[in-house]
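Undergrad: In the order they appear, the protein sequences are chains Z and G. For the first sequence, the working numbering begins at 356 and goes up steadily by one. For the second sequence, the working numbering begins at 356 and goes up steadily by one.
Pairs involving identical chains hold if they fit within one copy or between any two copies, as the list cannot separate such chains.
DSS-like cross-link-like pairs, simulated, lysine-lysine; straight-line CA separation at most 30 angstroms:
| id | residue 1 | residue 2 |
| --- | --- | --- |
| 1 | 403 | 645 |
| 2 | 528 | 643 |
| 3 | 528 | 398 |
| 4 | 475 | 433 |
| 5 | 534 | 645 |
| 6 | 534 | 403 |
| 7 | 534 | 643 |
| 8 | 643 | 403 |
| 9 | 645 | 388 |
| 10 | 388 | 643 |
| 11 | 502 | 563 |
| 12 | 388 | 475 |
For the record, the hints were derived by calculation from the structure and aren't laboratory data. These numbers were taken from a predicted model, which means no experiment stands behind them.
One letter stands for each residue in the lines below.
Number of protein chains: 2
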Amino acid sequence: MAVSVGIVGATGAVGQELIRLLHERNFPFSSLKVLASGRSAGKEIRYKDETFIIEEATPESFDRMDIALFSAGATITKTLAPEAAKRGCVVVDNSSAFRMDPDVPLVVPEINPEAVRDHKGIIANPNCSTAIALMGLAPLHQAFGLKRFVACTYQAVSGSGVAGMQELENQIKAWSEGKDCPPETYPHPIAFNLFPHVDVFFDDGYTKEEHKMLNESRKIMSMPDLPATTTCVRVPVMRAHSIAIHAEFEQPVSLEAAREAIAAFSGAELCDDTANNVYPTPLQFSGKNKCGVGRIRIDSALDNGLAFFVVGDQLLKGAALNAVQIAEEVVRLQA
Amino acid sequence: MAVSVGIVGATGAVGQELIRLLHERNFPFSSLKVLASGRSAGKEIRYKDETFIIEEATPESFDRMDIALFSAGATITKTLAPEAAKRGCVVVDNSSAFRMDPDVPLVVPEINPEAVRDHKGIIANPNCSTAIALMGLAPLHQAFGLKRFVACTYQAVSGSGVAGMQELENQIKAWSEGKDCPPETYPHPIAFNLFPHVDVFFDDGYTKEEHKMLNESRKIMSMPDLPATTTCVRVPVMRAHSIAIHAEFEQPVSLEAAREAIAAFSGAELCDDTANNVYPTPLQFSGKNKCGVGRIRIDSALDNGLAFFVVGDQLLKGAALNAVQIAEEVVRLQA
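The shape of chain Z in the complex, shown without the other chains (with noise of 0.2 angstroms):
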């Protein structure tokens, strides 16, 4: 089967590895659309040899396209979403905007991929920090049932799409030159410092992403009462996300059968060898599909409770890569 596809967001940090992605991973595209704000209709995107010219996302963009890949703001996606949905088209979506509709399934494909069968046109990706904190905690969680958990996270400016990494980027060289860098995409400065504020503020004094956190876990694991709680921190890192966890279990645990669940686990690359300094770090896990896992560990102060770290790059699982992953499941539905 081939199918028609189309990328609204495409000038984005994740449109660009969708494109990438869909390439490498050989998707079977009869046509590739991409689409992007008005603003940037016209503009050309190159891959390899080949120039796609963006156009502007409408209603009628959608028309006889199979699945768009939706990596745009809340807003656009709320409004386009539905209409690529009405014409047939399979929307699978990066923002937040559907993902805790209870009428739309939020998939991880190594999770919960039977849900993308129950789709009404629209799948959620989840946000990025749940999906790689997942790569660590469901493996687990299917080896000895997972009762609640705390997570710290450590987010790379990637987050924040291309304005976030131009901004570290600028403030580092400014630096270096000596020169002065006022923060503007974020409310303080990046380089040299960290910040526990991702996304808006709730009354409940949680953010926006600790929430997302937090929720989107307990749908993508249908543990709908799951006790978790999480602080989100923004780091001066490019592109890839770490998160602390501490999780506490319904069964006894062992070292040897949750190294084993990693390792069996498809998202995930069991990295934890500490005599010789093995554990997963930001640079390492750029740019790499599979998520690090190391640093496991008995965590005595929780009942069976393991100690662990989980790394995986910010715009692959945690995002453009889990959505062709979804894609890929809803083409094998409808081989």
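Position chain G relative to chain Z; hints supplied.
TA: Frame of chain Z; chain G shown alone:
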């Protein structure tokens, strides 16, 4: 009372801060000897208009010295500190050599100043992450009775001394010039990176830094059985540590009472107004004596839970300031 004071390890990053703080806080010293290894003997250290000639630290250096502030490696400290104590000199030691020795008080003056009385010549200054985390944990413990905590750290390179700060600076400059700068101080690059590896690994999979934080917190708060767990992470920040804490308390918590407890605690600055993007960050708290505490929120995943974020200068409250505060207690008791 005027006291003769010595600094052991005067050439290090902490040593420099000790000299500055003794002057700025008008510490009542009659003389100030600066000591270091034989390698540095004869070199000069300048503070404003004064010049100090470094002497080699030997057992005899401590004859007729009242207080010695040690900021040297554990090996040299294990030899020289007892020699100093034998000569009647009170040692305030910043290394980990004696911290868990039951005969040595481990003191944070805002928390357990009374422990200074029990010294037998040596008083230990806590690990940097511990002292900073406690600026949030201790007042909340006093308010609600701490039951358990999970802490994840974001630790600055100053924790590795001048060498760590230099390595981050060199790697950032090299990156800006498109050059390579392989790691020397750390096992991995630190620019644009981070790693869950501070100090050596133990057989249980935790690092020595993680053990320090847990064991020292228990000793300082006199809670030997406190369940607690931590992941310690080095980040590309110069000199302030951040710690995300999720804690459980014996008594019901309230946001208002938590904020009051923090605001009333002399070592902390309440820095918690998310509506205006106010929360502590490392750049803001570099060079500050107080530690910032913010992002305080009810943590419903834990029993009587609170989550919060603490930031403090690693060289000040994390090392030199706390040591000078201990020395001030010693002087007060002898007055």
